[in-house]
Each structure stands twice: as C-alpha cells, then as structure tokens.
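Take 21 as the starting number for the sequence shown in the working numbering and just add one per residue.
Take the hints with a grain of salt, since some may be wrong.
Here are the simulated lysine to aspartate or glutamate pairs, DMTMM-like style, with alpha carbons at most 20 angstroms apart [unchecked claim]:
(1) Lys120 to Glu101
(2) Lys120 to Glu81
(3) Lys120 to Asp64
(4) Lys120 to Asp135
(5) Lys120 to Asp69
Computed spacing ranges between beta-carbons, pair by pair [said to hold, decoys possible]:
(6) Asp64 to Leu133: 30 to 38 angstroms
(7) Arg56 to Leu146: 18 to 26 angstroms
(8) Gly105 to Ala145: 32 to 40 angstroms
Hints listed in this document are in silico derivations from the structure and should not be mistaken for laboratory results. Only a predicted model underlies this, so the values are computations on that prediction, with no experimental measurement involved. Yeah, the Cβ is synthetic: ideal placement off N, Cα and C, and Gly gets one too.
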Amino acid sequence: MTRSFPWRPVLAIGVVGVLAAGGAALTFLPAAAEARLVVETPTDGAVSDTRSVAVAGTAPEGSTVRIYDDNSNAILLATAEVVDGRFSAEIEYGDGAAAKQGLYVDSTDGGELLDADTVAVTLPALGAGSLDSSEDASSSAASADSPR
21 MTRSFPWRPV LAIGVVGVLA AGGAALTFLP AAAEARLVVE TPTDGAVSDT
71 RSVAVAGTAP EGSTVRIYDD NSNAILLATA EVVDGRFSAE IEYGDGAAAK
121 QGLYVDSTDG GELLDADTVA VTLPALGAGS LDSSEDASSS AASADSPR
C-alpha cells in the first residue's frame, strides 16, 4: 500500500495565508482621495455674452475659495465659502477691462493652500474703444485686496 502526501490541507493553508496577507495589505491603503477644487463654470476658454462672469464649482467642505485676476497675480476679485461642497461667486468687469481675462481660483483651509486651477474667459468687446488682448489685461474693475 502506498501512502501519498496530504497535499489538499497544505494547499488550503497556503491559500488562506495569501488571502489573509492580501486583506491586511488592503487595510493600509490610503483612503479615497480628498475632495478637490473643480471649477465647473466658466469652462476654460469660455466666451461670456456679458461683462459679468459667474464662477461656480465644488471644493473641500469648509474651505474658502479665492478668485484672483490671473494676469496680475495680486488682484483678489472675490471669495466664496464652500457650503455642502459647493461654491459660487459673481465677477463684474468694468468697461475698461480687456476682453481676454484669466482667473486663478484656489481653495484654502486655514491659510493652507489645498488646490488651484486657472480659467481663461473672453468678455464681449465694447466697440471701437475697447481694449484687445495685446493691451494691459490687468485693468479689471477690481481692486487689490489681498496678494496671494
């Protein structure tokens, strides 16, 4: 009578060991990525039919969204508090503002920068006396409230 090695229990123990180790490794993976700043409107390259631009999107809950003139880097155009993960603000451009505008949008939490995005917007021209993109694009109607 030949005696065979009991391979099934050995195989079962090995498979259980691999599955247990894999499950333990999964518990150490980082949690889902934190919510990020997403500017939903205006989209990059948008053409506005008015000189008022609505900026809206999502950001981490409890953060503050700041919207700057991207061309000057120091003109704070608006701030918005994030409520239920959403923010919105209205930017009014004066008659002297160039047609080509850039917005730098960031979100902060207690002074710590969480995320940032840039968006280009084209405003309607005001006729023959309006500025074009080759002229000073930092002449928006906003004032420098806070440098970033």
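Hints versus structure:
1. Using a Cα cut-off of 20 angstroms, the hinted pair Lys120 and Glu101 is violated, with the two alpha carbons roughly 27 angstroms apart.
2. Restraint check: the Cα-Cα separation between Lys120 and Glu81 comes to about 31 angstroms, which exceeds 20 angstroms; the hinted pair is violated.
3. For the hint pairing Lys120 with Asp64, the CA-to-CA distance comes to about 12 angstroms; that is within 20 angstroms, so the pair holds.
4. For the suggested pair Lys120 and Asp135, the alpha carbons sit about 24 angstroms apart, so the restraint of at most 20 angstroms is broken.
5. For the suggested pair Lys120 and Asp69, the alpha carbons sit about 13 angstroms apart, so the restraint of at most 20 angstroms is met.
6. One distance hint, 30 to 38 angstroms for the beta-carbon pair Asp64 and Leu133, is violated here, with the actual separation near 20 angstroms.
7. Look at Arg56 against Leu146: about 36 angstroms separates their beta carbons, and that is not inside 18 to 26 angstroms.
8. With their beta carbons about 36 angstroms apart, Gly105 and Ala145 fall inside the hinted range of 32 to 40 angstroms.
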